[in-house]
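These protein sequences, in sequence, are chains E and R. Going by the working numbering, the first residue of the first sequence is number 88, and it counts up by one from there. Going by the working numbering, the first residue of the second sequence is number 88, and it counts up by one from there.
By construction, these hints were calculated from the structure, which means they are not laboratory data. Be aware that a few hints might be false.
[What the hints assert, rightly or not] Okay, derived cross-link-like pairs now, SDA-like style, lysine to any residue, Cα gap no bigger than 25 Å in a straight line:
#1 LYS111(E) - THR234(R)
#2 LYS122(R) - ALA214(E)
#3 LYS246(R) - GLY222(R)
#4 LYS110(R) - GLN186(E)
#5 LYS220(E) - LYS247(E)
#6 LYS111(R) - ILE182(E)
#7 LYS111(E) - ARG177(R)
This is what each chain is made of:
Protein chains: 2
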Amino acid sequence: MQFSSQLLESAVNAFAKLPGIGKKTALRLVLHLLKQEESQVNEFSEVVADMRKNIRFCSRCFNIADTEICTICRSPSRKKEMICVVETIREVIAIESTQQFNGVYHVLGGIISPLDGIGPDQLTIEALENRVKDGSVDELIFALSPTIQGDTTIYYIQKKLQQQNLKITTIARGISFGGELEYADEMTLARSLQNRQPLDHYVSR
Amino acid sequence: MQFSSQLLESAVNAFAKLPGIGKKTALRLVLHLLKQEESQVNEFSEVVADMRKNIRFCSRCFNIADTEICTICRSPSRKKEMICVVETIREVIAIESTQQFNGVYHVLGGIISPLDGIGPDQLTIEALENRVKDGSVDELIFALSPTIQGDTTIYYIQKKLQQQNLKITTIARGISFGGELEYADEMTLARSLQNRQPLDHYVSR
Chain E
88 MQFSSQLLES AVNAFAKLPG IGKKTALRLV LHLLKQEESQ VNEFSEVVAD
138 MRKNIRFCSR CFNIADTEIC TICRSPSRKK EMICVVETIR EVIAIESTQQ
188 FNGVYHVLGG IISPLDGIGP DQLTIEALEN RVKDGSVDEL IFALSPTIQG
238 DTTIYYIQKK LQQQNLKITT IARGISFGGE LEYADEMTLA RSLQNRQPLD
288 HYVSR
Chain R
88 MQFSSQLLES AVNAFAKLPG IGKKTALRLV LHLLKQEESQ VNEFSEVVAD
138 MRKNIRFCSR CFNIADTEIC TICRSPSRKK EMICVVETIR EVIAIESTQQ
188 FNGVYHVLGG IISPLDGIGP DQLTIEALEN RVKDGSVDEL IFALSPTIQG
238 DTTIYYIQKK LQQQNLKITT IARGISFGGE LEYADEMTLA RSLQNRQPLD
288 HYVSR
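If we strip away everything but chain E, and leave its shape as in the complex, we get (with noise of 0.2 Å):
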């Protein structure tokens, strides 16, 4: 793309950088912004900044947070025995869309994958020890990915933790609400038998 412009160049190129933001659609988002108001395009670039700036991680559960502790964290109508481990705050987001969890969460930052280098020391399992050590949490729930390093992480948890006594769950795998048995995958389907329900389990539901 040959533009006549330094400034429009710079701003195309720091917009395609972002994932998944080609060269095309860079285009399109600062001609959009240049149509705004000045007030309007300060107010995008100021909240950016602000964001990266002034966001931390909460230190309890590493959770993004605008404070030391996260409101899920502070909030006192969680259920602080009940802890969601989670590989990153996108799982926390999509869990607290539904409404229908009141515990709290770990964010481990990733999940055990020696392949890409990632070995426990790097995700946050020792916080997640001391968080467990005083017995003040009766369940951890594992909502990680259904891979084999998803599943080699929780076991390397439990091994950790086994002396604790806690009750360890994972999220229900199975096939989605809606979805066709025909297109389900092998893997997902024979999990899905080997964990049927009851059937006033499901009719409770």
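We have chain E already, so just place chain R on it with the hints.
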């Protein structure tokens, strides 16, 4: 979507206001920026604000410029007697990217479209008249949308300028290079037949 951080939510909402960016994509972009160094995010933010603040429109051709007159109008190697008339700076960028045109441009800012409330006065037609008046321009090449509005705009400008001794052309419409006849729409195919070209012309290209 439920966020536990106001800063995160504001940033996601700012991105989600951009055209074609939904909440999920916005979240992906923001989480990407969150992983970058603070200095890089500040640079992104500054480049965007700087672009909006300092970019201007060339006072001659209304192309985007960093200075009073754009680099194309200022270039001594461009033929000032040949003006390509386009709707927006997008077309300038597209044509410049072909590196096949060495005239100059005139950006109308749109086309005459009474239904959208766009009349000749909202466009830079008067400025185009002034550029042509002194007799220094030989040819106007129209590269507008092949729509009724585009044709109306060409007709209107041509009427206005008929006193001038000007060659007026439009870019060729036809079947795209590599395009298949059977998939071309009837209008394009019909025009492409009407405007058929002698073989020697075709070969010489």
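Could you tell me which of the numbered hints above are not met by this structure, giving the numbers in increasing order? none
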